[in-house]
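Trainee: Protein chains in written order, with the working numbering: chain Y, 2 to 111; chain G, 30 to 144.
In case anyone wonders, no lab produced these hints; they're calculated from the structure. From a predicted model like this one, the values you see are computed outputs, not experimental measurements. Built from N, CA and C at the ideal position, the CB exists for glycine as well. One or more of the hints may lead you astray.
Only some residues are given here: those of chain Y computed to face chain G with a beta carbon under 7 Å [unchecked claim]:
#, residue
1, G43
2, F102
3, P104
Keeping only pairs whose Cα atoms sit at most 20 Å apart, straight-line, the calculated EDC-like set for lysine to aspartate or glutamate is [as the list claims (entries may be wrong)]:
#, chain 1, residue 1, chain 2, residue 2
4, G, K106, G, D124
5, G, K51, G, E37
6, G, K98, G, D114
7, Y, K45, G, D83
8, G, K78, Y, D39
9, G, K136, Y, E60
10, G, K136, Y, D27
11, G, K106, G, E44
12, G, K106, G, D83
13, G, K87, Y, E99
14, G, K136, Y, E73
15, Y, K58, G, D124
16, Y, K45, G, E93
17, G, K87, Y, D98
Residues from chain G that keep clear of chain Y, each with C-beta distances beyond 10 Å, as calculated [unchecked claim]:
#, residue
18, N41
19, A43
20, G58
21, G82
22, S99
23, T101
24, P108
25, N130
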Amino acid sequence: NAGVTQTPKFRILKIGQSMTLQCTQDMNHNYMYWYRQDPGMGLKLIYYSVGAGITDKGEVPNGYNVSRSTTEDFPLRLELAAPSQTSVYFCAEGAGDEQFFGPGTRLTVL
Amino acid sequence: AQSVAQPEDQVNVAEGNPLTVKCTYSVSGNPYLFWYVQYPNRGLQFLLKYITGDNLVKGSYGFEAEFNKSQTSFHLKKPSALVSDSALYFCAVRDYRRGNNRLAFGKGNQVVVIP
């Protein structure tokens, strides 16, 4: 099993552009999460999902959207990129106490 | 809200010496506590967790953590540090009040093991 895969690994966007960060898991777990990691700030939860068709906001949802049409996929959408969204984005999944993280997407907005 | 604090930014330790990474928690109810490690350019990896039971929890790669209720602490320890232990370490607590297996993470501690 590959666990959690994220694409792309790196991306540079111009202000106002949009993009989708892809996340796929092959563990058939219900819970999935999107975090952003900024230096010295730890991880902040953007959105999470408890199963297909169910999503909810985390701590920092503004400027982002998600969908969960299948158990496997949990894409994160940025509609109007802003410099404040420059960060490293991690997708995670879990079935109980532990969360399993993908390798991350490093996004720069210029 | 449930939260954890990691008071130090960076921990420097000589190879072979004991390593301690500090974490204190603030929760209502019973704490479910976790430690994760992040190696450069990688996602976080689970190290260990405390749910109930023994206050000393053993985890991956020779790490252990001691739960201390009176001091509201959950410090991560390793008796003899390796250069390969150099990484970013995160303490986390399950945030039940927000529901659904959410974790609240500390800001992280950079550990540098000096050869």
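Trainee: Now tell me if each hint is right for this structure.
Mentor: Hint check:
Given the 7 Å rule on beta carbons, the hint for Y:G43 holds: about 4 Å separates it from the nearest Cβ of chain G. Interface hint status for Y:F102: upheld, as the beta-carbon distance to the closest one in chain G is roughly 3 Å, under 7 Å. Hint status for Y:P104 relative to chain G: holds, with the closest Cβ pair at about 5 Å, below 7 Å. For the hint pairing G:K106 with G:D124, the CA-to-CA distance comes to about 24 Å; that exceeds 20 Å, so the pair is violated.
Taking the CA atoms of G:K51 and G:E37, the gap is about 7 Å. The hint holds against a cut of 20 Å. The straight-line distance between the Cα atoms of G:K98 and G:D114 is roughly 27 Å, outside the 20 Å bound, and the hint therefore fails. Between Y:K45 and G:D83, the direct Cα distance comes to roughly 30 Å. Violation of the 20 Å bound is thereby established for this hinted pair. Between G:K78 and Y:D39, the direct Cα distance comes to roughly 24 Å. Violation of the 20 Å bound is thereby established for this hinted pair.
Taking the CA atoms of G:K136 and Y:E60, the gap is near 15 Å; set against the 20 Å cutoff, the hint holds. Distance hint between G:K136 and Y:D27 is unfulfilled; the C-alpha atoms sit about 29 Å from each other, more than 20 Å. Taking the CA atoms of G:K106 and G:E44, the gap is near 14 Å; set against the 20 Å cutoff, the hint holds. For the proposed pair G:K106 and G:D83, the alpha carbon gap of about 15 Å is at most 20 Å, so the pair holds.
At roughly 15 Å between alpha-carbon atoms, G:K87 and Y:E99 fall within 20 Å of each other, so this suggested pair holds. Of the pairs offered as hints, the one joining G:K136 and Y:E73 is violated, with about 29 Å between alpha carbons and a cut-off of 20 Å exceeded. The hinted pair formed by Y:K58 and G:D124 meets the criterion: a straight-line CA distance of about 14 Å does not exceed 20 Å. At roughly 25 Å between alpha-carbon atoms, Y:K45 and G:E93 are farther apart than 20 Å, so this suggested pair is violated.
Proximity of G:K87 to Y:D98 is assessed by CA-CA distance (about 16 Å); at most 20 Å being required, the pair is judged to hold. With a cut of 10 Å on Cβ distances, G:N41 stays outside the contact zone with chain Y, its closest approach being about 17 Å. At roughly 25 Å from the closest C-beta of chain Y, the C-beta of G:A43 stays outside 10 Å, upholding its exclusion from the interface. Non-interface status of G:G58 relative to chain Y is upheld: no Cβ of that chain comes within 10 Å, the nearest being about 15 Å off.
Separation of G:G82 from chain Y is adequate, the least Cβ-Cβ distance of about 13 Å exceeding the 10 Å criterion. For G:S99, the shortest C-beta to C-beta distance to chain Y comes to about 24 Å, beyond the 10 Å cut-off, and the non-interface label holds. In this structure G:T101 is separated from chain Y by more than 10 Å, as the shortest Cβ-Cβ distance comes to about 18 Å. G:P108, annotated as away from the interface, keeps every beta carbon of chain Y farther than 10 Å; the closest lies near 24 Å.
Here G:N130 does not stay apart from chain Y, with its beta-carbon only about 5 Å from theirs, under the 10 Å limit.
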